[in-house]
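Student: Now for the letters of each chain:
Protein chains: 2
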Amino acid sequence: MLHLNIGQPDIETPEYFFTTLKTFNEKVLKYGPSGGIVELRLAVVDYLKSYNIDIELDNVWITTGGSEAIIFAFMTIADYGDEFLIFEPFYTNYNGFATEAGVRLTPITLSRENGFHLPSYDTIESYVTDKTRGIIICSPNNPTGTIFTPEEMFIIQKLVKEHGLYLISDEVYREFNYMDVPPTSALSLPEIEDRVIVVDSISKRFSACGARIGYFISRNKDIMSASLKFAQARLCPPTIEQYAAVSAFKHMYKFMDSMIEEYRKRRDVLIEGLKTIPGVESYTPEGAFYAIVKLPVADSEDFIKFLLKDYSYNGKTVMLSPANGFYATKGAGRDEVRIAYVLKEDRLKEAIEILKRGLQAYK
Amino acid sequence: MLHLNIGQPDIETPEYFFTTLKTFNEKVLKYGPSGGIVELRLAVVDYLKSYNIDIELDNVWITTGGSEAIIFAFMTIADYGDEFLIFEPFYTNYNGFATEAGVRLTPITLSRENGFHLPSYDTIESYVTDKTRGIIICSPNNPTGTIFTPEEMFIIQKLVKEHGLYLISDEVYREFNYMDVPPTSALSLPEIEDRVIVVDSISKRFSACGARIGYFISRNKDIMSASLKFAQARLCPPTIEQYAAVSAFKHMYKFMDSMIEEYRKRRDVLIEGLKTIPGVESYTPEGAFYAIVKLPVADSEDFIKFLLKDYSYNGKTVMLSPANGFYATKGAGRDEVRIAYVLKEDRLKEAIEILKRGLQAYK
Numbered sequence: 002m003l004h005l006n007i008g009q010p011d012i013e014t015p016e017y018f019f020t021t022l023k024t025f026n027e028k029v030l031k032y033g034p035s036g037g038i039v040e041l042r043l044a045v046v047d048y049l050k051s052y053n054i055d056i057e058l059d060n061v062w063i064t065t066g067g068s069e070a071i072i073f074a075f076m077t078i079a080d081y082g083d084e085f086l087i088f089e090p091f092y093t094n095y096n097g098f099a100t101e102a103g104v105r106l107t108p109i110t111l112s113r114e115n116g117f118h119l120p121s122y123d124t125i126e127s128y129v130t131d132k133t134r135g136i137i138i139c140s141p142n143n144p145t146g147t148i149f150t151p152e153e154m155f156i157i158q159k160l161v162k163e164h165g166l167y168l169i170s171d172e173v174y175r176e177f178n179y180m181d182v183p184p185t186s187a188l189s190l191p192e193i194e195d196r197v198i199v200v201d202s203i204s205k206r207f208s209a210c211g212a213r214i215g216y217f218i219s220r221n222k223d224i225m226s227a228s229l230k231f232a233q234a235r236l237c238p239p240t241i242e243q244y245a246a247v248s249a250f251k252h253m254y255k256f257m258d259s260m261i262e263e264y265r266k267r268r269d270v271l272i273e274g275l276k277t278i279p280g281v282e283s284y285t286p287e288g289a290f291y292a293i294v295k296l297p298v299a300d301s302e303d304f305i306k307f308l309l310k311d312y313s314y315n316g317k318t319v320m321l322s323p324a325n326g327f328y329a330t331k332g333a334g335r336d337e338v339r340i341a342y343v344l345k346e347d348r349l350k351e352a353i354e355i356l357k358r359g360l361q362a363y364k
Numbered sequence: 002m003l004h005l006n007i008g009q010p011d012i013e014t015p016e017y018f019f020t021t022l023k024t025f026n027e028k029v030l031k032y033g034p035s036g037g038i039v040e041l042r043l044a045v046v047d048y049l050k051s052y053n054i055d056i057e058l059d060n061v062w063i064t065t066g067g068s069e070a071i072i073f074a075f076m077t078i079a080d081y082g083d084e085f086l087i088f089e090p091f092y093t094n095y096n097g098f099a100t101e102a103g104v105r106l107t108p109i110t111l112s113r114e115n116g117f118h119l120p121s122y123d124t125i126e127s128y129v130t131d132k133t134r135g136i137i138i139c140s141p142n143n144p145t146g147t148i149f150t151p152e153e154m155f156i157i158q159k160l161v162k163e164h165g166l167y168l169i170s171d172e173v174y175r176e177f178n179y180m181d182v183p184p185t186s187a188l189s190l191p192e193i194e195d196r197v198i199v200v201d202s203i204s205k206r207f208s209a210c211g212a213r214i215g216y217f218i219s220r221n222k223d224i225m226s227a228s229l230k231f232a233q234a235r236l237c238p239p240t241i242e243q244y245a246a247v248s249a250f251k252h253m254y255k256f257m258d259s260m261i262e263e264y265r266k267r268r269d270v271l272i273e274g275l276k277t278i279p280g281v282e283s284y285t286p287e288g289a290f291y292a293i294v295k296l297p298v299a300d301s302e303d304f305i306k307f308l309l310k311d312y313s314y315n316g317k318t319v320m321l322s323p324a325n326g327f328y329a330t331k332g333a334g335r336d337e338v339r340i341a342y343v344l345k346e347d348r349l350k351e352a353i354e355i356l357k358r359g360l361q362a363y364k
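Each protein sequence line maps, in turn, to chains A and B.
Heads up, the first sequence is in the numbering used here, so the first residue is 2 and it goes up one at a time.
Heads up, the second sequence is in the numbering used here, so the first residue is 2 and it goes up one at a time.
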């Protein structure tokens with residue numbers, strides 16, 4: 002079974018991470034500070050400096066994964082029943098976080114034809130109601146791989162400013178960028194400094210998904226003090242992994258370049274491979290390690306079941322994610338799948354070959 | 002500064018815990034299962050068997066600390082605006098969890114005069130409204146140290162049954178018991194098997210507060226499947242600490258008895274010591290490592306500030322928690338403090354002496 006369905010990287014976690022973890026030598030595994038250890042918060046400040054983003058120590062809390070940072074963001078800025086604009090397809094778990102926080106997500110459907118980039122300002126604005134509290138973006142994006150251009154980020158800035166909204170920007174894939182310039186962070190939008198929350202995580206960056214270390218960043222003091230209350234209620238994020246994360250940040254440039262180069266190669270292999278399959282429609286994703294791909298089938302879920310139960314090639318088959326789970330609009334994405342290119346080049350090529358033959362057999 | 006204000010045990014985390022943590026030898030620190038690793042869920046099943054409590058593997062999810070288990074409990078059984086009965090004084094962080102889940106806590110005030118045991122069935126029942134969804138208990142209790150008797154647990158059972166409520170039972174201090182019989186678990190109440198959620202954690206039991214490993218237990222299948230959705234949204238609890246927790250459970254009887262004996266001694270030292278201070282009123286807590294103590298002052302917060310800023314004896318002073326933070330009723334507990342006896346015997350004696358002299362100086 003070749004797994005193209007989950008966002009679990011196969012890249013090895015850097016050894017520095019494990020080394021620090023294993024040299025933890027306190028006698029009591031105590032509660033840490035609710036906002037995270039200062040060393041790690043400082044490491045985040047330094048890390049963002051390398052992207053020319055200036056934040057202070059007081060603008061960062063450490064969270065239990067990026068997941069918790071998103072929940073804190075919703076709970077801090079929204080009241081029960083508030084609405085958030087979100088571009089679909091989007092990361093499915095935002096639905097769960099929204100339910101937990103009692104907020105509603107208003108989907109704005111993007112189009113594969115333009116690589117899932119934004120529609121015009123006016124189109125987005127037409128979705129704003131008096132209940133709209135904010136907007137959620139993720140760039141580089143899961144599940145589309147799209148990176149919003151600086152121009153698109155300015156559209157978002159304008160919308161937030163004009164309508165007094167808040168912007169939650171999920172930037173966990175920042176390094177997974179195959180363009181020539183870094184993605185524009187929401188922290189670089191000068192006119193809405195007080196209205197931005199960036200959620201981030203070490204999970205993908207250091208291939209340390211099981212560490213559960215994320216962070217919550219805002220320059221708005223009220224947001225920072227309100228979110229700290231939620232942090233205090235749950236006491237603290239895992240202690241030992243925070244020290245390991247400090248070490249991973251310190252050494253990150255030793256492994257980051259080769260990891261990104263590896264993913265870029267995989268992306269190219271995937272996109273070139275897909276072009277050889279009749280009826281498959283894709284685009285060139287600019288970042289992350291996902292693509293939303295149209296298949297020549299009416300119901301991708303049915304095709305995926307076929308691959309799992311009734312098909313194999315040389316004793317192997319491929320697992321994909323049906324894309325409809327990434328849309329809030331009913332019926333959308335039924336002929337699409339999300340492909341996560343988290344396999345080494347030769348296995349990825351093998352997976353594409355199986356997909357090609359599987360599609361033929363399915364017809 | 003002698004800290005009697007926080008529930009951070011000074012007991013060393015068992016070496017087995019760290020050993021397992023340091024021998025983790027996977028190359029990639031992956032996401033674990035959202036409900037926790039099977040090995041740890043089985044360890045919890047076995048652990049409860051030693052208390053004659055029978056549960057199945059499917060009745061346990063691993064959570065990120067007991068904190069997350071409480072949030073999952075609220076979110077699973079309650080709708081926005083539902084009310085939960087809670088006995089005050091209670092663990093302050095329940096307030097934060099209730100806010101996050103959009104539920105309201107209805108306090109029922111207990112009395113120090115009877116060691117913070119329950120009032121009659123009729124008294125408790127008089128607080129039930131058509132909005133009441135459940136009741137929260139914690140036994141052995143933080144902040145009172147009280148363990149509810151089997152008879153009191155039957156009162157709770159009757160209330161839950163008669164009014165179709167749910168019971169959230171926080172049992173993180175189960176081992177911290179200075180009575181002759183184990184505390185009655187909510188899982189041992191035969192008539193409300195389907196209406197009980199037990200939240201628990203390794204934090205106090207293994208002195209591993211910074212590990213962030215808790216668990217959520219229910220025999221109700223619908224509750225288990227609904228809570229799994231919240232677990233899936235946040236992906237997984239920390240991976241490595243789960244393996245360490247398995248090992249700690251396996252070896253727990255090697256260190257548990259001596260730890261409990263140590264706390265029992267401290268409790269006796271504290272209670273005997275407090276009896277020598279004029280105007281101080283206490284009782285004999287049956288479990289956990291806390292007591293709510295009445296001081297001969299009008300405002301314990303003011304006295305605590307005095308101890309911190311204006312008083313010292315032999316260059317030392319004592320830090321206490323004002324008890325009013327543990328009450329939801331305004332003005333309640335103003336002449337009380339919570340004392341956490343998390344210091345070794347000689348330091349505890351020293352702290353009591355400083356408290357005694359401090360009270361004299363304050364007058």
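If you are wondering where the hints come from, they were derived from the structure by calculation, not from laboratory data.
One thing to keep in mind: the hints can contain errors.
You can't tell identical chains apart in this list, so a pair holds if it fits in one copy or across any two.
[To be verified] Listed below are the simulated EDC-like cross-link pairs for lysine to aspartate or glutamate, each with C-alpha atoms no more than 20 Å apart in a straight line: (1) K317 with D83; (2) K31 with E13; (3) K31 with E16; (4) K331 with D311; (5) K364 with D47; (6) K159 with E282; (7) K310 with E163; (8) K230 with D311; (9) K306 with E263; (10) K28 with D11; (11) K23 with E13; (12) K23 with D83; (13) K357 with E262; (14) K350 with E282; (15) K310 with E273; (16) K31 with D347; (17) K295 with D181; (18) K266 with E351; (19) K255 with D11; (20) K364 with E354; (21) K28 with E13.
Values in this document were obtained by computation on a predicted structure and should not be read as measured data.
Student: Hint by hint, note whether the structure agrees.
Tutor: Structure-based check of each hint:
In the homo-oligomer, the alpha carbons of K317 and D83 never lie at most 20 Å apart, since the shortest distance is 47 Å inside one protomer and 51 Å across protomers. With identical chains, the CA atoms of K31 and E13 are at most 20 Å apart between copies only, with a shortest distance of 10 Å across copies and 29 Å within one. For the homomeric pair K31 and E16, the shortest alpha-carbon distance between copies (14 Å) is at most 20 Å, but the shortest distance inside one copy (25 Å) is not. Taking the shortest alpha-carbon separations for K331 and D311, neither the intra-copy value of 28 Å nor the inter-copy value of 66 Å comes in at or below 20 Å.
Taking the shortest Cα distances, K364 and D47 never come within 20 Å of each other, neither inside one copy (54 Å) nor across copies (51 Å). In the homo-oligomer, the alpha carbons of K159 and E282 never lie at most 20 Å apart, since the shortest distance is 33 Å inside one protomer and 62 Å across protomers. Proximity of K310 and E163 under a CA criterion of 20 Å is satisfied in neither setting, with 52 Å inside one chain copy and 49 Å between copies. With identical chains, the CA atoms of K230 and D311 are never at most 20 Å apart, being 52 Å at best within one copy and 29 Å at best between copies.
For the homomeric pair K306 and E263, neither the shortest alpha-carbon distance inside one copy (30 Å) nor that between copies (59 Å) is at most 20 Å. In this assembly of identical chains, K28 and D11 lie within 20 Å of each other by CA distance solely across copies; the values are 9 Å between and 33 Å within a copy. Taking the shortest Cα distances, K23 and E13 sit within 20 Å of each other both inside one copy (17 Å) and across copies (17 Å). For a Cα distance limit of 20 Å, the shortest separation of K23 from D83 qualifies neither inside one copy, at 44 Å, nor across copies, at 45 Å.
Taking CA atoms no more than 20 Å apart as the test, K357 paired with E262 passes in neither setting, with 26 Å inside one copy and 67 Å between copies. Taking CA atoms no more than 20 Å apart as the test, K350 paired with E282 passes inside one copy only; the shortest distance there is 17 Å, against 76 Å between copies. Neither within a single protomer nor between protomers do K310 and E273 lie at most 20 Å apart by alpha-carbon distance, with minima of 27 Å and 71 Å respectively. With identical chains, the CA atoms of K31 and D347 are never at most 20 Å apart, being 45 Å at best within one copy and 22 Å at best between copies.
Taking identical chains as interchangeable, the C-alpha atoms of K295 and D181 are never at most 20 Å apart, the minima being 27 Å within one chain and 67 Å between chains. Taking the shortest Cα distances, K266 and E351 sit within 20 Å of each other inside one copy (15 Å), while across copies they are farther apart (66 Å). Taking identical chains as interchangeable, the C-alpha atoms of K255 and D11 lie at most 20 Å apart only when both belong to the same chain, with a minimum of 18 Å there against 39 Å between chains. Taking the closest pair of Cα atoms, K364 and E354 come within 20 Å of each other only inside a single copy of the chain (16 Å); across copies the shortest separation is 85 Å, beyond that limit.
Within a single copy, K28 and E13 get their C-alpha atoms only as close as 29 Å, which misses the 20 Å cut-off; across copies the closest is 5 Å, which meets it.
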